[in-house]
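Residue-level listing of the chains:
Number of protein chains: 2
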Amino acid sequence: MKAEIISIGTELLLGEITDTNAPYLASQLPLLGIDLYWISQVGDNQARLVEVLKRAWQRSGLILTTGGLGPTEDDLTREAIAELLGEKLETEPVLEHEIRGFFAQRGIEMPLSTIKQAALIPSADPIHNIRGTAPGWWVERDGRILIAMPGPPEEMQHMWHEEILPRLRQCSTGGIIFSKTFKTFGLPEAAVGELVSPLLSSVNPTLAVYARTDGIHLRLTAKAGSQKQAEKMIAEGEVSIRAILGEYIWGTDDETLEAVIGRLLVEKGLSLAVMESCTGGLLATTITDVPGSSAYFKGGLVAYSNEAKIAYGVDAKIISEYGALSPEVAQAMAEAAKMFLGADVGVGITGIEETEAKSVGMVYIGMDDGKNRRVVKGNYPGSRPRVKRRATTAALFELRKTLTK
Amino acid sequence: MKAEIISIGTELLLGEITDTNAPYLASQLPLLGIDLYWISQVGDNQARLVEVLKRAWQRSGLILTTGGLGPTEDDLTREAIAELLGEKLETEPVLEHEIRGFFAQRGIEMPLSTIKQAALIPSADPIHNIRGTAPGWWVERDGRILIAMPGPPEEMQHMWHEEILPRLRQCSTGGIIFSKTFKTFGLPEAAVGELVSPLLSSVNPTLAVYARTDGIHLRLTAKAGSQKQAEKMIAEGEVSIRAILGEYIWGTDDETLEAVIGRLLVEKGLSLAVMESCTGGLLATTITDVPGSSAYFKGGLVAYSNEAKIAYGVDAKIISEYGALSPEVAQAMAEAAKMFLGADVGVGITGIEETEAKSVGMVYIGMDDGKNRRVVKGNYPGSRPRVKRRATTAALFELRKTLTK
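For the protein sequence lines, the chains are A and B, in the order given.
Quick note, the first sequence lines up with residues 1 to 405 if you use our numbering.
Quick note, the second sequence lines up with residues 1 to 405 if you use our numbering.
Be aware that one or more of the hints could be misleading.
Since the list gives no way to pick one copy over another, a pair counts as held whenever it fits inside one copy or between any two copies.
Claimed, not checked - In the DSS-like style, the derived pairs of lysine-lysine whose C-alpha atoms are separated by at most 30 Å in a straight line are: (1) Lys-180 with Lys-371; (2) Lys-377 with Lys-405; (3) Lys-232 with Lys-116; (4) Lys-228 with Lys-2; (5) Lys-180 with Lys-116; (6) Lys-317 with Lys-232; (7) Lys-405 with Lys-116; (8) Lys-54 with Lys-2; (9) Lys-88 with Lys-223; (10) Lys-54 with Lys-116; (11) Lys-54 with Lys-232; (12) Lys-371 with Lys-405.
It is worth saying that the hints were derived from the structure and are not from the lab.
Owing to the predicted nature of the structure, the values given are computational and were not obtained by experimental measurement.
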């Protein structure tokens, strides 16, 4: 079944709110084995709304709309669907009774316009809305299904989950779609693309490559008749992907690098301390975004100036001999952080974040776990937030290497 | 001029990412007096992409696309536009040279597929992309303008702001919509709404209230025949707003609290040091997001444990006597940060960020500028990132107060 999502509301076209309903519904459809080909946003204008609905009715078997079911004059979804199908709107007494009851129960006077929410067309079944007054519509005609939901995300999601999803499950005959995301760091997007190019031409499972702030992600998606079969296809694909990119993959799906590191530190019973210059605290705050990080994170030292580095225990001679941006200082920072805060593992980052500087993005990352010390050099040019973000990701990636060795 | 936005990428149809590019562009168009009628999201499929482009070409004078300009096989925007217009793609030697230079400068080997980003059609002018390798396209033909931008929001926004907006301003003829945003902290949304309620009923200029992570924002929007007239209306409205909310307003429009503080520190020739526990480095990294912050930021100390606080110079007796979560310790942290790093102003934050804790969100913020010392108590319950963000904003807001007194 091919699906289409239409989000309705002029506020979407003014950029006043971001449409989160479409991505929510989009993420739900693969679980039903339904392909989504089209999403669009349209304003509170009946002519344009009917135009979009007509096209959807021609090309899609399942149409999901959100918004435009409210009580005000600019709520036109009911009117537009009636026009699309050439059917007449009439007030449904049972719905009217329910809506009046909603207000009576709360002791609020009902604005008269609210009654328009009780209107139906012959092809539409009302969908119960426990979170608000506007019922949804389930319309079936000519082999197509059109489902109209309210716009407020909480009402929409509740209606979707409780009323619509169970009913759609019965209609859906197609297989299911299952996917797994592999997260890499250390290679540019094009290089990842070239390495996995033999897999990119596969039709099922498909493989897609995306650039994200924490590295390059690969998404493997399988279509199959059952969950078990889809999982098997993904498992087979995973073997190929790991054979090619194994050392660059640091996690899958919802995992974050900071959570992976937290887990490794807890497993090994190790504590961590960091000293950072160019990332200015981003490494520390990223590490402490993980719930429970206070158990293993001893603390962080932000050393923008040489004086601060020296106050934290970096040897002034090393700075004057090699310069603040050097592998030697990165190493000394890792060691000093470890010593100063009595941690098992220390990380040091030194680099250039000022966007005006010529060598912006050049970074040295030092690691010291008491047994091994090493420094890696990175180059992450770009805007200031980007330099900070990429250098932090690189440091976490290197820390993961240290902890898994 | 009627505009249409097309966001390209299969990940949008899978609900893996939310389209923030369309709302960003949608919010920009009113400033140019351009009406936006249509937004759609389409996957990385050439046939469907061409179908959407053809319809847009028929009904819209200005078409803005984002995404699909990358180096991989599923980046098809260039190919689709070429098909739409029946023009041939050819590699542009100057662009090829620039792209090769981008990699050479960074000492990275260029994957061959990257060269497809240097392709143009006769009707397309390249748009410079300082943040990445994919140039945008500015296409003019048959009285229509089609502008293709890269998908990564940072690249897109920079290109829009620096290259596209100035050029579109010359094309636009309609009236002007001008707005100004006032940013407040310290009052809940409903309280701000009540205070300004007489202004909320104004039709032109309009006033809207939004809750944001850095406080409550008020946006005043005027429609007028000229920029000058619109600015006059905004200036008059600003007087009323400042009369009501003056002490809570910390900035306007694109200003950030951290930039406001940076400016104040530079003006007064003062330096800053911070010690933070529950915010875990977020205060330091927020301060260092400001270009040039190395001039006034001496450094930051992340003290998750009491041992770390003591190592940084907080008196162990104060901790044992009053407990880590106390105004006394917040004060001692501010003082110790100032002393340890030789700064003029010190800030200390102590609080509870573990979401399981009963008093999660309770925060003490200490300030020490050598002459005055004070501690404020805050309560910012919520998820871990929210506690960290709100406590950081509160600390910056209090620091602004200290610096403006």
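Quick rundown of the hints versus the structure:
1. For a Cα distance limit of 30 Å, the shortest separation of Lys-180 from Lys-371 qualifies neither inside one copy, at 36 Å, nor across copies, at 57 Å.
2. For the homomeric pair Lys-377 and Lys-405, the shortest alpha-carbon distance inside one copy (19 Å) is at most 30 Å, but the shortest distance between copies (45 Å) is not.
3. For the identical chains of this complex, Lys-232 and Lys-116 are neighbours neither inside a copy (49 Å) nor across copies (36 Å), given an alpha-carbon limit of 30 Å.
4. Proximity of Lys-228 and Lys-2 under a CA criterion of 30 Å is satisfied intra-copy only: 23 Å inside one chain copy versus 49 Å between copies.
5. When the C-alpha separation of Lys-180 and Lys-116 is checked against a cutoff of 30 Å, the pair qualifies only between copies, where the shortest distance is 29 Å, while the shortest distance within a copy is 41 Å.
6. For the homomeric pair Lys-317 and Lys-232, neither the shortest alpha-carbon distance inside one copy (58 Å) nor that between copies (60 Å) is at most 30 Å.
7. Taking CA atoms no more than 30 Å apart as the test, Lys-405 paired with Lys-116 passes in neither setting, with 57 Å inside one copy and 39 Å between copies.
8. Taking CA atoms no more than 30 Å apart as the test, Lys-54 paired with Lys-2 passes in both settings, with 15 Å inside one copy and 21 Å between copies.
9. Proximity of Lys-88 to Lys-223 under the C-alpha cut-off of 30 Å is found in neither arrangement, the shortest distances being 41 Å within a copy and 36 Å between copies.
10. In this homomeric assembly, Lys-54 and Lys-116 come within 30 Å of each other (Cα to Cα) only inside a single copy, at 23 Å, whereas the closest approach across copies is 37 Å.
11. Proximity of Lys-54 to Lys-232 under the C-alpha cut-off of 30 Å is found in neither arrangement, the shortest distances being 40 Å within a copy and 40 Å between copies.
12. In this assembly of identical chains, Lys-371 and Lys-405 lie within 30 Å of each other by CA distance solely inside one copy; the values are 12 Å within and 52 Å between copies.
Violated hints for the displayed structure, listed by number in ascending order: 1, 3, 6, 7, 9 and 11.
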